[in-house]
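Engineer: Chains as they are written, first to last, in the working numbering: chain S, 1 to 673; chain P, 1 to 182.
Note that these hints are calculated values from the structure, not bench results.
Careful, some of the hints might be misleading.
To be verified - With a Cα cut of at most 25 Å, we get these calculated PhoX-like pairs of lysine-lysine:
#1 P/K6 with S/K282
#2 P/K81 with S/K206
#3 P/K7 with S/K225
#4 S/K476 with S/K460
#5 S/K282 with P/K81
#6 S/K206 with P/K35
#7 P/K13 with S/K225
#8 P/K102 with S/K129
#9 P/K151 with P/K6
#10 S/K229 with S/K460
#11 S/K272 with P/K81
#12 P/K10 with S/K276
#13 S/K215 with P/K81
#14 P/K13 with S/K229
#15 S/K129 with S/K116
#16 S/K477 with S/K460
#17 S/K463 with S/K476
#18 P/K102 with P/K13
#19 S/K206 with P/K111
#20 S/K129 with S/K119
#21 S/K215 with S/K225
#22 P/K35 with S/K225
#23 P/K35 with S/K536
#24 S/K371 with S/K276
To be verified - Short, incomplete list of chain S residues facing chain P, as computed with Cβ under 10 Å:
#25 R145
#26 V210
#27 C285
#28 L289
#29 D365
#30 F366
#31 E368
Everything numeric in this text was worked out from a predicted model, so none of it was measured.
Glycine is no exception: its CB is placed at the ideal position from the N, C-alpha and C atoms.
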Amino acid sequence: MRYAETGYNLEVDLTTGNIERVETDPELVELHLGGHGTAARIIWERVPPEVKPFDPENLLIFSAGLLEGTSAPGANRTIINCISPVTNYLAHSMMGGYFGPELKMAGYDKIIFRGKSPKLIYLWIHNDKVEIRDASHLRGVGAQRTAEMIREELGDPRIQVASIGLAGENRVYTASIEHSHSSASRGPAPVMGDKNIKAIAVRGTKDVNVFNAEKLFEMSFNSLKSVAKNPNVGDWMAYTWDDSFHHDNFSWGNSRVRRKGYWSAELQERWKQLTKRLLNRKTGCYNCLKECKLSIQHPGQPAYGAKCFSKISWHMCSFDELDFSWEILAVAQEYGLDNFSTPQTIALAVELYDNGILTDEDMPDFPENSKERFYYLLEKIVRREGIGDILANGSYAAARQIGRGAEAYEHNTIKKFEQLPLKLGKVNFPYFLMFSTGEKINITQIQGSYPQDPLRNPEKRQKFCDGWVAAPERFKKFYMEWEPRTDPSMEASCHICDWNETMHYIDDAVGTCAFLSSFRGQFGGKPAYHIYNFPKYINAATGLNLDSDDVWQIARRNRNLVRAINVGRGMRRADEKPPEDHWKVRLPEQEQELLSMYYKFKGWTDDGIPTKPTLDKLDLGFVADELIRRGILTGEETNVYEETTTLPAPTDEQLEAALYSASEKVRMAQGGG
Amino acid sequence: MGEKVKKIVKTIKVNLDECNGCRTCEMVCASFHAKPRYSNSNPNRSRIRVVIDERAGVWVPIRATDYTKAECDGRRTYTIKGREYSECSFCGTICPARDLFKEPDSGLPLKCDMCESDPALEEPMCVQACGLNCLTYEEEEVWVEAEEQVKPAEIELSLKSLVDKYGMGKLADIVARMSQKG
């Protein structure tokens, strides 16, 4: 019997309509854990660099992480991979909600789509029964409305649906896959549209077998209670009334204008009253008590979900009143557009127009009012009409298609992908590395285990370190040595970047949410999941006997595998740079020195390519062979990473104390039954 | 007036405004009732289900109540915020009209038993797991009329009056027919 994973993938050939239930190799779990890790392995093996994003040979993979469908709290992320049309690299996309656990309970770890359907379809999975169904009646229908119609059509409100709206159908690069009140952006939605898949509907009623269910349940149940009380996990920024952090620190418009001091008591009160009027309630995802999403409902309209960033993105890009975001989000989500890149792309177009690069010829009847301008361009983009056909390719590609100097205004992307609109002072070493070299190509998907600033008072710093159960010892040392207003050393910066990305790679393989783990280690030092308790969850779920160093090694393997996919597609050192004007003061020489040091630390060449000794050490010798065959490596490169250790690990007592205090211990019924 | 006796009434109060749709209550319910205990966490085996309609902003935890062989003969519909729901939508009865609260494999009904167990839990698992104050457990002591003791002499007296009225033969026939029907 396979534990935690079902051991089966669903392979759907859209060109022929063939559907197969394929048994997977158990060894892959030991090597990659699952989720993003095993998906990367499949992409490596089956999608060579010659395959372009819209080729039928591009795969679209929906994965449930290893711990999904078990009692592990917050293990509910659906991981979606393909080669992204935005970057031509591996797309890294995820969503919360209920889809992943439901897929597991239907009996599958992954759905792998290949080919292209000749007509618009949706896939209906009901345990062992899987069918491709006609979706012509759903063409142009909003993403959430599609889910509703499919549930009505199939007669079960418990069906979980992932769908695209008009934007995905029209292969808009900033489209998103919508499910529940969650969404997956960064590449897969236009590929889903290209493959003519309108939606996937899944209903699963099977058990997910685990190795030691009682142990797993005990850990999970206590963690659930701990998570509910823990103020440092979840996404409090989704619903905090004081939103000065975002408004004062993130840039407005085309990620260019800082409005420090914008937030005021009067504004906050107005914001509060407005939101209270529209707020249904805060909502969460499967088996997680945290409430990271807001259900917003305008009178007479369907409700939609908003998150910490989406609630501010539109009005900050448009310089409009706060209520604009609440208003346009309902429209954007029904079209299935992401709320991260799309408003930034529209703001870029407005700036190009205001600077005479785009003209009335490009944008006939372009309104004067900012809000109306946004609606005007939104409608053009989702339909790919006129200038919308260019803007639909995202900021990077659109600026280059427009030309006439538009490239200079496009300044907030890394590797063609939109970044958080930040404008900071002097370059920050660990963040320089995370921004530049992250394979996920988005900073929020990499950072979070290490604090962003040192505590000023050394005693407080020491106290923080004393209770910092999530941190391997070396990070406590780095933190204690970190003087306020200085950079961590270059050596520390390499380690900090490495740790931050490692925790995300584990999350993405097992399907746990970053808000309980990799993104929340920076606050309070006691996230629900960390390098020391992950092995215990994985052991109880799968029976695999891993320690923290083993799990770190798997994350390293997955990281290098994704790196190899992208290197095969042409990514090199020259691409590894943050947005042009992210920091006011740049330090070009130190940045390059840092980059070289980081590559060395990772066991890569000076051009950022994993070497053969490194890949061999990670059981990825076949990857090295392919890179040599393609002339990307000579095979003579000798650099290899040095293993870092997570020892000494905290004792079980220390871990337990960090989870909950004795007085809060949860009573569990033993025996009986 | 009959005698009053003390009885414990167990209640799980549901505050709909606090439910966030996480369905953790489903997971722990299924786990607690699994045999062996905690051997699976399949919410399809839960005795509590959260009915979710995100577009309508509706999140409603419902516990399985009684089993019935027959479905309702006529159903009402309810309109909430402009959307119509059938009476089935929020019903806890285990009935032939739908597969809610039935074992997915056997189809056998799953009824909420307030997590009765030995040793007893202080609160049912769903309540323990709900950190949102959506589900709260209450025990209330209530005084109820004690059931009247059967007094054979009174039954005999009543039967005698029926014999007097209809005759022994007819009454015996009716009793025999009733006992055959069961």
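Engineer: For every hint, state whether the structure bears it out.
Structural biologist: Evaluation of the provided hints:
no.: 1; hint: P/K6 with S/K282; result: violated (41 Å)
no.: 2; hint: P/K81 with S/K206; result: violated (34 Å)
no.: 3; hint: P/K7 with S/K225; result: violated (32 Å)
no.: 4; hint: S/K476 with S/K460; result: holds (13 Å)
no.: 5; hint: S/K282 with P/K81; result: holds (18 Å)
no.: 6; hint: S/K206 with P/K35; result: holds (15 Å)
no.: 7; hint: P/K13 with S/K225; result: holds (20 Å)
no.: 8; hint: P/K102 with S/K129; result: holds (20 Å)
no.: 9; hint: P/K151 with P/K6; result: holds (23 Å)
no.: 10; hint: S/K229 with S/K460; result: holds (22 Å)
no.: 11; hint: S/K272 with P/K81; result: holds (23 Å)
no.: 12; hint: P/K10 with S/K276; result: violated (35 Å)
no.: 13; hint: S/K215 with P/K81; result: violated (44 Å)
no.: 14; hint: P/K13 with S/K229; result: holds (21 Å)
no.: 15; hint: S/K129 with S/K116; result: holds (21 Å)
no.: 16; hint: S/K477 with S/K460; result: holds (14 Å)
no.: 17; hint: S/K463 with S/K476; result: holds (11 Å)
no.: 18; hint: P/K102 with P/K13; result: holds (23 Å)
no.: 19; hint: S/K206 with P/K111; result: holds (19 Å)
no.: 20; hint: S/K129 with S/K119; result: holds (21 Å)
no.: 21; hint: S/K215 with S/K225; result: holds (16 Å)
no.: 22; hint: P/K35 with S/K225; result: holds (24 Å)
no.: 23; hint: P/K35 with S/K536; result: holds (23 Å)
no.: 24; hint: S/K371 with S/K276; result: holds (22 Å)
no.: 25; hint: R145; result: holds (8 Å)
no.: 26; hint: V210; result: holds (8 Å)
no.: 27; hint: C285; result: holds (7 Å)
no.: 28; hint: L289; result: holds (5 Å)
no.: 29; hint: D365; result: violated (33 Å)
no.: 30; hint: F366; result: violated (33 Å)
no.: 31; hint: E368; result: violated (34 Å)
Of the hints listed earlier, those the structure fails to meet are numbers 1, 2, 3, 12, 13, 29, 30, 31, in rising order.
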